[in-house]
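Q: Each chain is listed here by its residues.
Number of protein chains: 2
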Amino acid sequence: MPCKTVLASSVAAKFTEELKEQVAAHPEHRPLLVGFLANDDPFAVKYAEWTGKTCVETGIQFELRRVDREQLEEAIVAANADPAVHGIIVYYPVFNNRQDQYLQSVVSPAKDVEGLCHVYCYNMYHNIRFMDEEKTRKCIIPCTPLAIVKVLEHLGVYNTILPYGDRLHGKTVAVINRSEVVGRPLAALLANDGARVYSVDVTGVQEFSRGPGISLQRHKVVDKTESVEDILPLCDVVITGVPVESYKVNTALLKDGVVAVNFSSYRNFSDDIKQKASLYVPSVGKVTVCMLQRNLLRLAAYQRPQPANAP
Amino acid sequence: MPCKTVLASSVAAKFTEELKEQVAAHPEHRPLLVGFLANDDPFAVKYAEWTGKTCVETGIQFELRRVDREQLEEAIVAANADPAVHGIIVYYPVFNNRQDQYLQSVVSPAKDVEGLCHVYCYNMYHNIRFMDEEKTRKCIIPCTPLAIVKVLEHLGVYNTILPYGDRLHGKTVAVINRSEVVGRPLAALLANDGARVYSVDVTGVQEFSRGPGISLQRHKVVDKTESVEDILPLCDVVITGVPVESYKVNTALLKDGVVAVNFSSYRNFSDDIKQKASLYVPSVGKVTVCMLQRNLLRLAAYQRPQPANAP
Numbered sequence: 002m003p004c005k006t007v008l009a010s011s012v013a014a015k016f017t018e019e020l021k022e023q024v025a026a027h028p029e030h031r032p033l034l035v036g037f038l039a040n041d042d043p044f045a046v047k048y049a050e051w052t053g054k055t056c057v058e059t060g061i062q063f064e065l066r067r068v069d070r071e072q073l074e075e076a077i078v079a080a081n082a083d084p085a086v087h088g089i090i091v092y093y094p095v096f097n098n099r100q101d102q103y104l105q106s107v108v109s110p111a112k113d114v115e116g117l118c119h120v121y122c123y124n125m126y127h128n129i130r131f132m133d134e135e136k137t138r139k140c141i142i143p144c145t146p147l148a149i150v151k152v153l154e155h156l157g158v159y160n161t162i163l164p165y166g167d168r169l170h171g172k173t174v175a176v177i178n179r180s181e182v183v184g185r186p187l188a189a190l191l192a193n194d195g196a197r198v199y200s201v202d203v204t205g206v207q208e209f210s211r212g213p214g215i216s217l218q219r220h221k222v223v224d225k226t227e228s229v230e231d232i233l234p235l236c237d238v239v240i241t242g243v244p245v246e247s248y249k250v251n252t253a254l255l256k257d258g259v260v261a262v263n264f265s266s267y268r269n270f271s272d273d274i275k276q277k278a279s280l281y282v283p284s285v286g287k288v289t290v291c292m293l294q295r296n297l298l299r300l301a302a303y304q305r306p307q308p309a310n311a312p
Numbered sequence: 002m003p004c005k006t007v008l009a010s011s012v013a014a015k016f017t018e019e020l021k022e023q024v025a026a027h028p029e030h031r032p033l034l035v036g037f038l039a040n041d042d043p044f045a046v047k048y049a050e051w052t053g054k055t056c057v058e059t060g061i062q063f064e065l066r067r068v069d070r071e072q073l074e075e076a077i078v079a080a081n082a083d084p085a086v087h088g089i090i091v092y093y094p095v096f097n098n099r100q101d102q103y104l105q106s107v108v109s110p111a112k113d114v115e116g117l118c119h120v121y122c123y124n125m126y127h128n129i130r131f132m133d134e135e136k137t138r139k140c141i142i143p144c145t146p147l148a149i150v151k152v153l154e155h156l157g158v159y160n161t162i163l164p165y166g167d168r169l170h171g172k173t174v175a176v177i178n179r180s181e182v183v184g185r186p187l188a189a190l191l192a193n194d195g196a197r198v199y200s201v202d203v204t205g206v207q208e209f210s211r212g213p214g215i216s217l218q219r220h221k222v223v224d225k226t227e228s229v230e231d232i233l234p235l236c237d238v239v240i241t242g243v244p245v246e247s248y249k250v251n252t253a254l255l256k257d258g259v260v261a262v263n264f265s266s267y268r269n270f271s272d273d274i275k276q277k278a279s280l281y282v283p284s285v286g287k288v289t290v291c292m293l294q295r296n297l298l299r300l301a302a303y304q305r306p307q308p309a310n311a312p
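As they're listed, the protein sequences go chains A and B.
Residue numbers in the first sequence follow the numbering used here, run continuously in steps of one, and reach 312 at the last position.
Residue numbers in the second sequence follow the numbering used here, run continuously in steps of one, and reach 312 at the last position.
Just chain A, same shape as in the assembly:
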């Protein structure tokens, strides 16, 4: 079978090593990540457990705080103000409605390891990569989209011969999921790096791209009349995140040698994907947890009196 299955653990390994070294290098500044869990959602609980386990491995301090959802906002505000806390993660869903998006922006940008507060989202969509004119403080990128970028780098989809920021030029990618937390930011990130991205959800297909010859500074979005069946055969990379057990990508539509990446908690590709794909990544969760910690170390460094030595 020519398809190579790449496990998230193998991508995560080098990041875990880097994290360990960075934490060990500053024993006097062991950063504290605080996780807030205000629900019993099994995926949220699992994500919280994973965070804890990986932090033990890397040496980051992790404190899981279980709070009533009605006390969560005040708990976040207190953690924002507490200098002992370097990073904050909230395990969503909490209210499972738009109030969750409000809560995302209650987390201070200085401690938002998830990169979900408005200023980070805005900067990401606008391809603004630094928080300051002097380019000393990088913007935080949401963990799951960032993890998928790192997976694609690992897989060689990013071409390092091309200049930084244009390394997906020539690639066509489908992202099946257009949530505000993963699918839409991911489509924007990949398009900002030069790809032509087809963003797919139940309402239809959109194209995110920087135009012919990646002439635009940042992506623009165009509604398409094509269906997912029309665009899948064009794609070099297909990334799925459909949170439904029964959903499966129709393997017959995929290009031979496609790169297939699944970030759903369910398997969105059928078993026959290995007859079609060149590279298959069944999950990305372990890389996501690394990115969370990477974001934490960055923010912790920015919080130090100075000189700010960003990891």
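Everything labelled a hint here was simulated from the structure, so no lab data went into it.
Computed from a predicted structure; not experimentally measured.
Every residue, glycine too, gets a C-beta built ideally from N, C-alpha and C.
Take these hints with a grain of salt, some might be off.
[Said to hold, decoys possible] Per label pair, the in silico range of CB-to-CB distance:
1) Cys4(B) to Val68(A): 28 to 36 Å
2) Leu217(B) to Asp272(A): 56 to 64 Å
3) Glu135(B) to Glu135(A): 29 to 37 Å
[As the list claims (entries may be wrong)] Derived, one-sided and incomplete: chain A residues facing chain B with beta-carbon distance under 8 Å:
4) Glu71
5) Tyr103
6) Ser106
7) Ser109
8) Glu181
9) Asp224
Starting from the known structure of chain A, fit chain B onto it as the hints suggest.
A: Same frame as chain A, but now just chain B:
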């Protein structure tokens, strides 16, 4: 029939007069409100038309810009930066998902006449009424919740003998709708002003209050086990905003002499409400449009070089 029906137009009349006077007082600073319409939603179109008509009446300049939804974000960013534009309103829904909430925070707080960007929402929930320590710039309150507050003031529900900020002390209010745009902010506003508020949606009942003797600085929220049938008989005021034609409040459950206010585009009270209520307000839209313009004049004043003479 003892029930008095109060039309939004009669509440709006005095605000329209005030707006006219304020605009006429500064002919050299006629403010420009820009409305963005990126959909064909009939209520959004109607709201845009109303805005236009009322602006003609008050002398405010209004410019409706029809844009493709994919161009909307850039159009907002351009209007944020344009000194000729004093206020911005977006007629939602645009994408009718969480991307709309992202767009709300793309509007600059300096021009956000709707009061929907994160900083205004956060300040409202936290009962922070000014943007600056010196208390020279008031926070903008979302238009529909603010309109309902003004309706309740008009109806005498706010007791002006009590100190400002506590004028609903002793009142019990139901708000049937807990959307992020109207119901939840409204519940918070009323609770911050001293009321005990039951916030009702399909997921259940919550209580927003400042505790016994309104001892807290701002409201807290508690999940209740009571149903809407349990709490409605306790309420002095019932405010509804259920966007469903078939939904009707069960009049039999209401307290005799209740104050009934409907802000849904549909009539959430049955015709027999007039046999039960002391005051009935069938809609608030015309007051909402006044609040929009009131917010605009305030923001326009803050944008003037100075002295900032807030209306």
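Q: Hint by hint, note whether the structure agrees.
A: Results for each hint:
no.: 1; hint: Cys4(B) to Val68(A): 28 to 36 Å; verdict: violated (45 Å)
no.: 2; hint: Leu217(B) to Asp272(A): 56 to 64 Å; verdict: holds (57 Å)
no.: 3; hint: Glu135(B) to Glu135(A): 29 to 37 Å; verdict: holds (30 Å)
no.: 4; hint: Glu71; verdict: holds (5 Å)
no.: 5; hint: Tyr103; verdict: holds (6 Å)
no.: 6; hint: Ser106; verdict: holds (4 Å)
no.: 7; hint: Ser109; verdict: violated (11 Å)
no.: 8; hint: Glu181; verdict: holds (4 Å)
no.: 9; hint: Asp224; verdict: holds (6 Å)
Going down the numbered hints, you'll see the structure goes against 1, 7, while the others check out.
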